[in-house]
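K.L.:
Listed below, chain by chain, are the residues.
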Amino acid sequence: MALTAHHKMQMYGALLLLPAAVLLAAFAYLPTITTVIQSLFLPGFRGAPSEFVGLENYRFLFDDAKFWKVARNNLIYALGTIPASIALALGMALFVNGKLPGRGLVRMAYFTPTILPMIAAANIWMFFYAPQIGLFNKLLGALGFSGVNWLGDPSVALGSVIVMSVWKEAGFFMIFYLAALQGIPPELKEASDLEGTSRWSFFWRVTFPLLMPTTLFVLINALINAVRVVDHLFILTKGGPNNATKLLLYYVYENAFSFFDRTTAATITVVILLVLAVVATLKFTILDRRTHYQ
Amino acid sequence: MSSPTAISSTQDSNTRNPTAGAPRSRRLSLPSLETLAAWLLAVIWIFPLLYAFWAAFHPSEFMVRFDLFAPLTLDNFVNAWSQAPFGRYYLNTFALVTGVVLAQFVVCTLAAFAFARFPIPGKNLLFMLVLIQLFVFPEVLIVENYRIASELGLINTITGIGLPYVASAFGIFLLRQTFKTIPRELEDAARIEGCSWLEILWKVYVPLAKPTYLAYGLVSISHHWNNFLWPLVVTNSVESRPLTVGLGVFSAPETGVNWATVSAATLLSIAPLLVAFLLFQRQFVQSFLRAGIR
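Protein sequences appear in the order of chains A and B. So in the numbering used here, spot 217 of the first sequence is number 217, and the numbers just go up one at a time. When you read off a place in the second sequence, starting at 1, and then add 1000, the result is the number in the numbering used here.
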């Protein structure tokens, strides 16, 4: 009798899971598997069956200088945006956590870029970066300098994109630091004041280590964003000039929907999935040692 | 984050602690320098948005001429509204966001309930499988998701934009965590009164998880209001394009639309979310926090 009740519970539970399971299968698991499969085949011409080529597509991709250029861009983009936005986020949180006139306004100013769509943010920054009428060059001109082609010069463009991304992201990470700072017991500060510890060494010896879990959490989110968010490129540069700002996911989009080369697109997608797998492993091994799921 | 003011006021008194080791002069000058830096950063951070407002409400010849008495105008908004079907885009985004959030609530609630309370064989493994979706997003799999969406006849439909996001690992995770904290005694009491499982879910679990729904709902609304890459791929006409894609098409630099008009269009597309954020800042920030700290 108890067993049948247990079975009934199992059935019921499975039914509750069913809608989510079907959707996850359709839009996450199945496409992941078919992407991997597609990266191992070459499509046949005129309805001929596609041909299994093993890792040939990968060899082809890795022989392509353009792919390495894009991968390098993405690495530079990550290295440029992540430490800068984490440091700024921490600074902002320290600012608005302390005594500060107009704290609410300052916090709002820091956070507001977070809720804008990336497309809107890119539109706004376009006004700054545009070569002739852009604000930056007008300012430079007023100071007597010649203008910089912020988005058209291959050696500057990626930097310009990075600056915009940092602006967009820092305020989001700030709120996590702010919450963590407010969880630090004030007694620690009192004790260190009694001992005459300078604020600088208090920060490095007490605050910063205590914020480590937050830093790891923010780092993982920043890593994911560095791979997944490419919306701004559609407005700012379209990956140009001369591929200088092309990121991996944008390259996937371009291959799939501009060049109609779905095999290459699938192969690059697998590379992205591998990067995300590394990030996920990082999260589940390092970060979750501190948190409890059960 | 629950009471930022209360906590910071205790810290204020700490910094004024007369036993602090720092010399008097430093204590007097440092805070003001810090305040200055905090405000300077705040001004830099909000400036792009203020600039967009400036450009949108003035004739285009004042784009880079800051004259306090420049004439204000609404022409840019009128132009933007007449040059692109923003009304339709609004409608689409509104339908998309409402549909996605409601569907997410239903699907994720059922799955979270199953994970929290039902004895499903291999539950932990299944849950880990669900968590994979935290890293493998629909927009990373654009190539294959596009194929699947087209096989289901969902290309160029609002359902097609939203459906891949409905079974959200994030929502399942958040709700499961909340459901697990609800005491079983409440559930037992309801069962004694003759409630079925769905009634228990609806009358006990859902009401007690209201803060989680609010947090998840706000995060999800912001995400889908701002989402771009997947909607861009899956839509191809005015009938289904959300605001972000409409704005992207409208303001692409090569279309040569007047910049003041682009500013106005940008503000039009971010206005509802921006206004909501300014009105309910606290709820927004707390939601992002709640949703982020897992």
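Simulated from the structure, these hints should not be mistaken for laboratory data. Backbone N, C-alpha and C define an ideal beta-carbon position, used for all residues, glycine too. Where hints are given, some of them may not hold.
What the hints assert, rightly or not - Partial list, derived from the structure: chain B residues whose beta carbon lies under 10 Å from chain A:
(1) L1134
(2) A1190
(3) I1192
(4) E1193
(5) C1195
As the list claims (entries may be wrong) - Some residues of chain A that are not near chain B, with every Cβ distance over 10 Å (derived):
(6) L105
(7) D231
(8) N242
K.L.:
With reference to the structure, classify each hint as holding or not holding.
P.N.:
Tested hints:
Evaluation of the L1134 of chain B hint against chain A yields a held restraint, the C-beta minimum of about 8 Å falling below 10 Å. Because the beta carbon of A1190 of chain B sits about 16 Å from the nearest beta carbon in chain A, more than 10 Å, this interface hint is broken. Proximity of I1192 of chain B to chain A is violated relative to the hint, the smallest CB-CB distance being about 16 Å (cut-off 10 Å). Using the Cβ-Cβ criterion of 10 Å, the hint placing E1193 of chain B at the interface with chain A is not satisfied: the shortest such distance is roughly 19 Å.
The interface hint given for C1195 of chain B is violated, since its Cβ lies 14 Å from the closest Cβ of chain A, which is over the 10 Å cut-off. Look at L105 of chain A: its CB is around 7 Å from the nearest CB on chain B, not clear of 10 Å, so calling it non-interface is violated. A beta-carbon of chain B comes within 10 Å of the beta-carbon of D231 of chain A; the shortest separation is about 4 Å. For N242 of chain A, the non-interface assignment is confirmed: its Cβ lies about 17 Å from the closest Cβ of chain B, beyond the 10 Å cut-off.
Comparing the model with each earlier hint shows violations of hints 2, 3, 4, 5, 6 and 7; every other hint is respected.
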